[in-house]
Amino acid sequence: GKSYRASSTLIRHQKTHTGERPYRCEECGKSFRHRSTLTIHHRVHSGERPYKCPECHKSFKISSELVRHWRTHTSERPCKCSQCHKSFKSSSELVRHWRTHTGERPYDCSQCGRRFSDSSQLVRHWRTHTGERPYDCSQCGRRFSDSSQLVRHWRTHTGERPYDCSQCGRRFGDGSQLAQHQRTH
Numbered sequence: 237g238k239s240y241r242a243s244s245t246l247i248r249h250q251k252t253h254t255g256e257r258p259y260r261c262e263e264c265g266k267s268f269r270h271r272s273t274l275t276i277h278h279r280v281h282s283g284e285r286p287y288k289c290p291e292c293h294k295s296f297k298i299s300s301e302l303v304r305h306w307r308t309h310t311s312e313r314p315c316k317c318s319q320c321h322k323s324f325k326s327s328s329e330l331v332r333h334w335r336t337h338t339g340e341r342p343y344d345c346s347q348c349g350r351r352f353s354d355s356s357q358l359v360r361h362w363r364t365h366t367g368e369r370p371y372d373c374s375q376c377g378r379r380f381s382d383s384s385q386l387v388r389h390w391r392t393h394t395g396e397r398p399y400d401c402s403q404c405g406r407r408f409g410d411g412s413q414l415a416q417h418q419r420t421h
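Each residue of the sequence shown is one higher than the one before, counting from 237 in our numbering.
Simulated from the structure, these hints should not be mistaken for laboratory data.
Note that the structure is a prediction, hence the values are computed from the model and not measured.
Don't be surprised by glycine CBs; every beta carbon is placed ideally from N, CA and C.
Watch out, some of these pointers could steer you wrong.
To be verified - Under the rule of at most 25 Å between Cα atoms (straight-line distance), these lysine to any residue pairs were calculated in the SDA-like manner:
(1) Lys325 - Phe352
(2) Lys266 - Arg279
(3) Lys297 - Ser346
(4) Lys266 - His253
(5) Lys288 - Cys373
(6) Lys266 - Val280
(7) Lys266 - Arg285
(8) Lys316 - His293
(9) Lys297 - Arg379
(10) Lys322 - Ser353
(11) Lys322 - His333
Claimed, not checked - Quick list of the computed label-pair ranges, beta carbon to beta carbon:
(12) Leu246 - Asp400: 30 to 36 Å
(13) Cys289 - Arg341: 16 to 22 Å
(14) Ile276 - Arg407: 19 to 25 Å
(15) Arg391 - His253: 28 to 34 Å
(16) Arg271 - Ser328: 18 to 24 Å
(17) His321 - Asp400: 28 to 34 Å
(18) Gly349 - Ser323: 33 to 39 Å
(19) Arg279 - Gly377: 27 to 33 Å
(20) Ser239 - Asp400: 53 to 59 Å
(21) His253 - Cys317: 18 to 24 Å
(22) Gly255 - His421: 51 to 57 Å
Full structure from sequences and hints, please.
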C-alpha cells in the first residue's frame, strides 16, 4: 500500500476509502471529503470568481478552469485521442471523449438507474429528483438547477446576444435559438 510521512495525510487518504464527508456546507447541506473542496463549493453560493483571464477578463471559481479557458485564446490542445486523433484542452475532456468510443457509462443514478458517461451529467440529472436549484440570479432571484441555465437567463437582463447568424447577421442570446433560426434560411 501507500505510505505517508504525516498522520494527517494518512487520515485524509483513509477517508477516500470510508466515504466519510466531514466538511458540510451550512448553506445547502452538501458534504465533502476535503476542506478545500468545501471552500471551492462555497463560491457557488457567494458567486466569488477569484481567477481572472488577463485576455478577456472572464473570471472563474477555480484555477484549473482558468487554465482550461486560457487554451481558448492560445488554441493549445495538448491531449490527443489515440483512437480518432481529436485533441482536447484537458485530460478530463479526453477521458470524457474516450467514453464515446468505449460506450462506458460508469455513473449511475441510485434513484432511477439511469447511467451517465460523466459525473457532472449525473449531478445535473440528480437535481431532477431532488428539485435542487443551487444557482440563483443576483438580479431577480430566480433559481436554476444548472449553471448554463443561469448564464442563458442572465442574458435576458444584460441583453447580451453572443450567437450570430453567419447568413444574415441576426444575433441571439442562446445557441438553440440560433439553430432554430438557421432552419428558416
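How the hints compare with the structure:
Under the criterion of a C-alpha separation no larger than 25 Å, the hint pairing Lys325 with Phe352 is consistent with the structure, at around 22 Å. This hinted pair checks out: Lys266 and Arg279 have alpha carbons roughly 13 Å apart, not beyond 25 Å. For the given pair, Lys297 sits about 29 Å from Ser346 by alpha-carbon distance, which is inconsistent with the 25 Å threshold. As the CA atoms of Lys266 and His253 are separated by approximately 19 Å, the hinted pair is consistent with the 25 Å bound.
Annotation: proposed proximity of Lys288 to Cys373 holds, straight-line Cα distance about 21 Å (limit 25 Å). Taking the CA atoms of Lys266 and Val280, the gap is about 12 Å. The hint holds against a cut of 25 Å. At most 25 Å may separate the alpha-carbon atoms for a hinted pair to count; Lys266 and Arg285 meet this at roughly 20 Å. Pair hint Lys316 plus His293 does not hold up; C-alpha atoms about 28 Å apart against a cutoff of 25 Å.
Distance restraint check for Lys297 and Arg379: the Cα-Cα separation of roughly 19 Å lies within the 25 Å cut-off, and the hinted pair is therefore satisfied. For a cut-off of 25 Å, the pair hint linking Lys322 to Ser353 stands: about 18 Å separates their Cα positions. For the hint pairing Lys322 with His333, the CA-to-CA distance comes to about 9 Å; that is within 25 Å, so the pair holds. For Leu246 paired with Asp400, a C-beta distance near 55 Å fails the hint of 30 to 36 Å.
One distance hint, 16 to 22 Å for the beta-carbon pair Cys289 and Arg341, is violated here, with the actual separation near 33 Å. In this structure the supplied range 19 to 25 Å is violated for Ile276 paired with Arg407, their Cβ-Cβ distance being about 34 Å. For the hinted restraint 28 to 34 Å between Arg391 and His253, the CB-CB distance of approximately 44 Å leaves it violated. Our hint of 18 to 24 Å for Arg271 and Ser328 holds, since their Cβ atoms are close to 22 Å apart.
Remark: the range hint 28 to 34 Å for His321 to Asp400 is upheld by a beta-carbon distance near 31 Å. For the pair Gly349 and Ser323, the supplied restraint of 33 to 39 Å holds, since their beta-carbon distance comes to about 34 Å. A C-beta distance of roughly 19 Å is found between Arg279 and Gly377, which places it outside the suggested range of 27 to 33 Å. Range check, Ser239 to Asp400: about 57 Å between beta-carbon atoms, so the 53 to 59 Å window is met.
For His253 paired with Cys317, a C-beta distance near 32 Å fails the hint of 18 to 24 Å. The hint said 51 to 57 Å for the Cβ distance between Gly255 and His421, and at roughly 53 Å that hint holds.
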